[in-house]
Amino acid sequence: KGITNAAVPMGAVACHRTIYDTITNAATGIELFHGYTYSAHPLACAAALATLDLYRDEGLFERARGLEPHWEAAMHSLAGAPHVIDIRNFGLVAGIELTPRPGAPGARGQDLFRALFDAGLLARATGDIIALSPPLIIDEAQIDTMTAMIGAALQTLA
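For reference, each letter of the sequence shown is one residue, going 131 to 288 in the numbering used here.
Think of the hints as simulated: they come from the structure by calculation, not from any bench.
Fair warning: this is a prediction, and the values are worked out from it, not measured in the lab.
All C-beta atoms, glycine included, are put in the ideal place defined by N, C-alpha and C.
Please note that the accuracy of each hint is not assured.
Said to hold, decoys possible - Cβ pair distances, simulated, as ranges:
(1) Arg254 - Arg186: 26 to 36 Å
(2) Pro265 - Gly233: 34 to 44 Å
(3) Cys175 - Pro235: 34 to 44 Å
(4) Met279 - Thr148: 38 to 48 Å
(5) Ala271 - His206: 41 to 51 Å
Could you put together the complete structure from these sequences and hints?
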């Protein structure tokens, strides 16, 4: 999704140069075949190139790097909230792990997902972990709003 800004489906294969060289420089000269007859569709490639231009021109990766300390502090401010047992983050991605409800693993995570969705915040529930990955155009005020929404929703969970 990220390579085309979710405009059209697109995938990519990447490998370290030493792996590529090992395959292509073998005695039999094996090609690094990794696609299908419908691969490299021009529309998907055009969307991918336009998206990569936007990432560069808008400085979105640098922007995300600059927001990382604020994001980390905001997410970890939820550490004392009810049912939170762990918070992990890397860049602008975070996982908030909740104490499983006895006899119903994943239920508390689903309840938090629904509460956040009803409040207007889209997250992802994976069992009793809420995964967050905001758009790269987010700002500090929006991070603070997200954090407040999550904190409020956590207070409502049984």
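Verification of the supplied hints:
1. Arg254 - Arg186: 26 to 36 Å: 27 Å, holds
2. Pro265 - Gly233: 34 to 44 Å: At roughly 37 Å between Cβ atoms, Gly233 and Pro265 fall inside 34 to 44 Å, so the hint holds.
3. Cys175 - Pro235: 34 to 44 Å: 42 Å, holds
4. Met279 - Thr148: 38 to 48 Å: 45 Å, holds
5. Ala271 - His206: 41 to 51 Å: Violated - the Cβ-Cβ distance for Ala271 and His206, about 18 Å, lies outside 41 to 51 Å.
Consistency with the previously given hints fails for number 5 only.
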